[in-house]
Amino acid sequence: MEDVPQIGYTEKVMDHFMHPRNVGAVADPDGVGQVGNPVCGDLMEVSIKVEKDVITDIKFKTFGCGSAIATASMVTELAKGKTLDEAEKISRQDVADELDGLPPRKMHCSNLAADALHKAIEDYRKKTETG
Amino acid sequence: MEDVPQIGYTEKVMDHFMHPRNVGAVADPDGVGQVGNPVCGDLMEVSIKVEKDVITDIKFKTFGCGSAIATASMVTELAKGKTLDEAEKISRQDVADELDGLPPRKMHCSNLAADALHKAIEDYRKKTETG
Amino acid sequence: MKQIYLDHASASPVDPRVVAFAVPFLSEDYGNPSTLYVKGLDARRALESARGKVASLINAESPATIIFTGSATESNNLAIRGTALRNRQAGQKVVSSVIEHISVLNPMKELQKSGYHYETVPVDASGIVDLETLADRVTKETVVTSINYANDEIGTIEPIREISEIVHERGQYLHVNATAAAGKISIDVQKDGVDLLTLSSNDLAGPRGAAALYIRRGVKVQTILPGGGQENGIRSGTENLFAIAGMGEAAVIAGEEMAAERERLQQIASLYRQEILTIPDSYLTGHPTERLPGHLSFRFSRIEGESILLNLDTAYNIQVATGSACSSRTLEPSHVLLAIGLKHEEAHGSMIMTLGRSTLGEDIPYVVDAVKKTVDRLREITAM
Amino acid sequence: MKQIYLDHASASPVDPRVVAFAVPFLSEDYGNPSTLYVKGLDARRALESARGKVASLINAESPATIIFTGSATESNNLAIRGTALRNRQAGQKVVSSVIEHISVLNPMKELQKSGYHYETVPVDASGIVDLETLADRVTKETVVTSINYANDEIGTIEPIREISEIVHERGQYLHVNATAAAGKISIDVQKDGVDLLTLSSNDLAGPRGAAALYIRRGVKVQTILPGGGQENGIRSGTENLFAIAGMGEAAVIAGEEMAAERERLQQIASLYRQEILTIPDSYLTGHPTERLPGHLSFRFSRIEGESILLNLDTAYNIQVATGSACSSRTLEPSHVLLAIGLKHEEAHGSMIMTLGRSTLGEDIPYVVDAVKKTVDRLREITAM
Ligand SMILES: Cc1ncc(COP(=O)(O)O)c(C=O)c1O
Ligand SMILES: Cc1ncc(COP(=O)(O)O)c(C=O)c1O
Ligand code: FES
Ligand code: FES
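Protein chains in written order, with full-length UniProt numbering: chain A, 1 to 131; chain B, 1 to 131; chain C, 1 to 384; chain D, 1 to 384.
Keep in mind the hints are simulated off the structure, nothing from the lab. Treat the numbers as computed from the prediction; the structure is a model and nothing was measured. Quick reminder that beta carbons are idealized off the backbone N, C-alpha and C, glycines included. Keep in mind that the hints are not guaranteed to be accurate.
[Said to hold, decoys possible] Partial list, computed: chain C residues near chain D (C-beta under 8 Å):
(1) G193
(2) G227
(3) E231
[To be verified] BS3-like cross-link-like pairs, simulated, lysine-lysine; straight-line CA separation at most 30 Å:
(4) D/K140 with C/K113
(5) C/K109 with D/K113
(6) D/K113 with C/K140
(7) C/K220 with D/K373
(8) B/K80 with C/K373
(9) B/K59 with C/K372
(10) D/K220 with C/K109
(11) B/K59 with C/K373
(12) D/K109 with C/K113
(13) D/K372 with A/K12
(14) A/K59 with D/K343
(15) A/K59 with D/K373
(16) D/K109 with C/K109
(17) D/K372 with A/K59
(18) D/K113 with C/K113
[What the hints assert, rightly or not] The following residues of chain A were derived to be distant from chain C, with all beta-carbon distances above 10 Å:
(19) D15
(20) H19
(21) R21
(22) D28
(23) T56
(24) K59
(25) K80
(26) E86
(27) E88
(28) I90
(29) S91
(30) Q93
(31) E98
(32) K119
(33) K126
(34) T128
Required output: the full structure, derived from the provided sequences and hints.
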């Protein structure tokens, strides 16, 4: 027998929720990504500092649920120190996996964090291209 | 607030059920009444001995429920020593009242006992008229 | 006077181990399983654990196939009406045996009123469903066929695997009411080929207020109790965790002790049967061998069941059941007794004894003596 | 860390006095109320006694007007679908407010699917039903109008007597879902002019598994759970006496202690309100005065309710509820909060505290401090 849905958040999620890493906005950001959650109406903002294609600093803010806070915190941890190309590959699933899973209903929140990161990178790229 | 239906049988019913009076058939009866219960399919038989228009002996048999046994027992008690005219007036309600009531669903059983008595009297009358 | 309770099919005392397991859910672990704080998550874990335990008892393929409801009546309604209504485009015919519990028959009649075609299948004199007629009646428009695993009034166990084959060759879903059978004989929904199966907590010696409906994966069922969407949208209402957790624990105990208990009750029942059938004009009703282990059903000529029941209760503190017309709400004899071919007056003398965990072999002589004296006394009064 | 449970609307601990009263019905007084031996009759007496106790709590004209069901969800379904279907020749229109519980809204939508005309009535910013629109929508074809006595999410108490007049002048039956209100404020179905009223055991601090539907004498309701014909044919299934007897006892306690408890909870609630509303950008939702005594509902700008709930639970062992989209099964914000005019993002910051018998005034400072710190922390993270 299988099929037992995950009940509640994992310890890792709760740790990131209670002690979120990299909260806030980086000063003088090189890229900012903001996304709204089409599912439940939350907001997520990720700002990055980039040096030589490497994300040297990253911070987030979110108007969202426990999962939104935890996934954003995890995304910033995963992205920090990575090259932009590497960071761009961080997927929703990666975030969820790193947190030891999310309840099915909350998977969409991990989209939010990853999407905001990707948008921040896009924003940086746009600026540097045009700049 | 009212409306509470009677629950179970009264003490008097249970007494007559456990210790029914006048069980059996009188020897050499002057009248016999047998009725079937159209509601639940039971059978009731009352036999009487009559002297000078007075019921001097009366007995019953029944293939029926607790209420059938108790009401028959009560009917025989009520009828014994009464004149035929008096006994004919014993109604279904009298029997139920004497037993301190019957559950609504069981009221039809008291019909059975009273009907059998009335039939026994009728039987006696028919015999004496024709005889 | 010591009480000897032999009416477990009507109501079972909750096993004290189950009570001990379930009581903390009343005033301590009372969280609502839909809430997100730890107390709610713990409640949800307890709920899912109970689901797994019930699934195990009937070897369901997954806990997710178990839907908790409030009673066997509700599970039967959900299985029959919920499945028929959800699949009405696939056919509007339903079939059951004639000896189904009234909580199966009446939902069937409800469907009939709303335009479904409802047909019944007779049983033989021992209560076994007539498989040929079943094969005739079930057609590809037959969305739900409902047959009891075992009958609660005469104890007869149906050949569910053969029935499953017939139903699945010709029609669609087989619902099995296993209320009387679950926990008493081993049930394997996968091997048995059952699509929907009802079982109730109290018949496992668990608390009332919980029952389950097994719904095989892939079978679509529509809710009959719309609301908050609990139980995967199929049965709304805040979960009654006390009863559900109790049912789970009762399922575990039933599973662990079934083999031994079955043996024990079969022995006691066979002694009862031997002794009671020495009474003149007494008969066993139902199947002589294919019957539930602790189930005894008799009839005695010329006397009436309510009187038997009352006399045994009042004079001997023994509790039994009867299918007599006089004791029923409708003043009709048991439809099951009529279906196995008894005449009205034969059904009248019915006495049903259903044994349980507290039943002791040592009480047999006392009970047998009481039954004999009761039959004697009532036969002295009888007008037959 | 001491637990401070402030989510009584979701689930209430069963009062230990009720547990003590009800537990004997599990393993000792377990008779089936439909059986005729003394154990069964005693069970029936306990059942009828519970019926009388529940009738008294709402001043019903007779115990016979009380039908026991398995849950408030079921009572609501029975009141709405059972009454509408039974009286369909009298009209096929149904009406409810927009802030009804989902166990009212979904049965209404079921009726709509089967051809009924369903209309809703808005509420004002405090949650009071718009009486003019009500008067417009209710017509003589309106068989059932359903309005909550008080709302479980925002605590607002509706003007039921005025509503009753409007409904009875124009339409037919008024159903009132009093799940959140019963036992907390005094209800008099006769003076209030209610035809059908739902109340649940657990909201009286009784066990889950029992609820009641008051059906005024003369109102015809069709069963939605056909079967053995218990509860006067309106609700089949062997009675869950443990839960029902518990509900009866809970009704007695609620009745006796209501006045004092109401006073006590009102005081505690008013202190909470005063303190919590000192938080910047915090608001009370629901009606400022016409509200349930132990009910508090707030919203805080720029933060989200699930986070509030989790933070209070994890860091302070305080349990509250929220109407935030993120915490709901459907990921939609509470329909009640939207109905009183909140924007999606405003509803997001909802926090609901429902007090109960175990709530102590001495915990106020601790809880207020925890709420303040929680709001602060989340506002540091927020992207708004
Ligand atoms: C075989 C069977 N099925 C279903 C039921 C219905 O159970 P409940 O009354 O608990 O809903 C019963 C009850 O006695 C039963 O014996
Ligand atoms: C106002 C209201 N009505 C009805 C219900 C449904 O109750 P249950 O889930 O116990 O069936 C609830 C449940 O929380 C409620 O708050
Ligand atoms: S004789 Fe059948 S109910 Fe009384
Ligand atoms: S942000 Fe709304 S559910 Fe996670």
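Status of each hint after checking the structure:
| no. | hint | in the structure |
| --- | --- | --- |
| 1 | G193 | violated, 26 Å |
| 2 | G227 | holds, 3 Å |
| 3 | E231 | violated, 11 Å |
| 4 | D/K140 with C/K113 | holds, 27 Å |
| 5 | C/K109 with D/K113 | holds, 22 Å |
| 6 | D/K113 with C/K140 | holds, 27 Å |
| 7 | C/K220 with D/K373 | violated, 48 Å |
| 8 | B/K80 with C/K373 | holds, 29 Å |
| 9 | B/K59 with C/K372 | holds, 24 Å |
| 10 | D/K220 with C/K109 | holds, 20 Å |
| 11 | B/K59 with C/K373 | holds, 22 Å |
| 12 | D/K109 with C/K113 | holds, 22 Å |
| 13 | D/K372 with A/K12 | holds, 25 Å |
| 14 | A/K59 with D/K343 | holds, 28 Å |
| 15 | A/K59 with D/K373 | holds, 22 Å |
| 16 | D/K109 with C/K109 | holds, 25 Å |
| 17 | D/K372 with A/K59 | holds, 24 Å |
| 18 | D/K113 with C/K113 | holds, 19 Å |
| 19 | D15 | holds, 15 Å |
| 20 | H19 | holds, 17 Å |
| 21 | R21 | holds, 22 Å |
| 22 | D28 | holds, 38 Å |
| 23 | T56 | holds, 36 Å |
| 24 | K59 | holds, 27 Å |
| 25 | K80 | holds, 29 Å |
| 26 | E86 | holds, 34 Å |
| 27 | E88 | holds, 33 Å |
| 28 | I90 | holds, 27 Å |
| 29 | S91 | holds, 26 Å |
| 30 | Q93 | holds, 23 Å |
| 31 | E98 | holds, 21 Å |
| 32 | K119 | holds, 29 Å |
| 33 | K126 | holds, 39 Å |
| 34 | T128 | holds, 42 Å |
Violated hints, listed in ascending order, are 1, 3 and 7; each of the other numbered hints is respected by the structure.
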